[in-house]
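K.L.:
Residue numbers (my numbering), protein chains in the order written: chain A, 764 to 1231; chain B, 1181 to 1286.
Do not rely on the hints blindly, as some may be mistaken.
Taking beta-carbon pairs under 10 Å as the criterion, some of the chain A residues facing chain B (in silico) [to be verified]:
1) R928
2) Y949
3) A1035
4) F1040
5) M1100
Simulated from the structure, these hints should not be mistaken for lab results.
Here the structure is a predicted model, which means the values were calculated and not measured.
Cβ coordinates follow ideal geometry from the N, Cα and C atoms, glycine included.
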Amino acid sequence: MKDNSYASVMARKNEIMKKAVGIDYSKYEIEGIAFDYEKMMDEVGYSLEEVTKIQSETSVGNTPLVKLKQINRLVKIISPKGKGAQIFLKDEGANPSGSFKDRRAAVSVYEAQKRGYKGVIAATSGNYGAAVASQAAKRGLKCIIVQETFDSRGKGQPEIVEKARACEAYGAEVIQLSVGPELFYYFLLLLEETSYFNASLYTPFGIAGVETLGSELNQQMIEKTGKSPDYVVVTNAGGGNLTGTTRGLQKTGAFDTKIIAASVDLSGLHMASDTDFNRKSFTTGHTGFGIPFATFPDRSDVPRNAARALRYMDRYLIVTQGETFYVTELLAQLEGMQRGPAGNTSLCAAISLARELDENKTIVVQETEYTGAGKCPSAQLTFARENGVVVRTGDPTENNPGSEIVLPESPEQLHYTEMTMKKIKTSYIKQAIKKYGKKEFSETELAFMAKDLKLTKEVVQNIITTIK
Amino acid sequence: MSEKAYNGQWVKIHNIILEPSQRAPAVPEDTKKCPLEMLLNGFLDQDEASIGEQVDIKTVIGRTVKGRLTEIEPKYDHSFGKPILELLTIGPKVRAFIEKGDSNER
């Protein structure tokens, strides 16, 4: 009989994963931190044409690109003369299960079916669960979703409970766990028991699936405005959305488009804390995922993460909870589109960014998500109050994650805080030093880090020497 | 007298996956004090059972799982929340702001 203790199961991790994703990651290892990212993406992933075909089989993609006329009018009013870029929104909520995650799930579930797996499993508390469940339903595979749902009082976060409902509606089995990273341990046990496919968010399949989002929005912008977008703003959590979208943009020639990441500030809240769990008011698109995954991508459920945000990111803008709820309301009230809230993080950053840019520039906010019970702002703010968080109107700079959500009084108060690229890239290098337990990296490793950070080897080496 | 569930009824079970002493080393102190718990819905796979008993269920995909019966016909309890005054005033205020802004531009 197998030893199913925590330590033993974790020790079998690589063996379990190899079976469950069908990828031999050791083929791409080079040395230490370095691995052959592009070779892995080429060999394992699918081309843009193949992905488009796979996604069209299950009606994924081809979502509308909407010019936000009323919000753009508002931006003009609050911008200096000659400023106020035009914002467009890619309405990914129009996908079958209501988010861009259908793109990722479509390819993973296709792969699972092709390779003869009987079912798929995904560890996710987000829209990805509904996406995998929906795609599994379409392809006739069984599906298990494992969620981190409730705290030690048994209180479920309403947005996650809603996603459980959606998964069950698509015929999936939903396993709900209390707070803690050992969800991964239980996930491994399930993979062993069922021999299902791990529809991880972080395999090359999941990332290839998002590339069509970038290529589609680029083509739509060319049709509408005659050129590629100047800026694309991406809500950033695990980095897959940003990675896939940028790769898709670049594969269709949009090399000059600036890629702006946006996350909701959850600083001060611990992601694995039982007491902080129900005080976050956001389940994704926040700094609690965005920063750790950007600075050490290989923390995911697969040995090598195909989502590597810093390879593609030009700027990282942080917005507050209160501002994101406010902008969610603007989208509903001014554009007649009830979406989000998490997908509206990037819209929030885009409005502030648009005010600084010339009026002939264009910005694409590349995602929306479906909303409803548990997900809409009134559900989250009611829940926040029940958990002792103050909700009020005022100066959004006074927003304090976990204790106070401050909704702006006026659109002029919308702002962002910039997380500088220098700071986040330095954090990446600090993480590398910590995880690999060394400060001396080979030329190959330096070259890899340089690629991962869009820097030169010399700059990487210089940063290493400044770290004590 | 405790409520009874019958064969084929939709129920929720509860399990402890890890006791506090078995939790991962890196887990924060507040989380480490609690067990890792699991909840799962399925069809009761035995004649009958009372709340609190160890039971077998069959999940929607046909897996048999054991656990302690915690709820019979569990329902989703999430909602749209209460009316939030701070949200309700955003629309009217921003519309007035746009109207005023447009007339200033003219």
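K.L.:
Hints broken by the structure, by number, lowest first?
P.N.:
When the structure is compared with the hints, only number 5 turns out to be violated.
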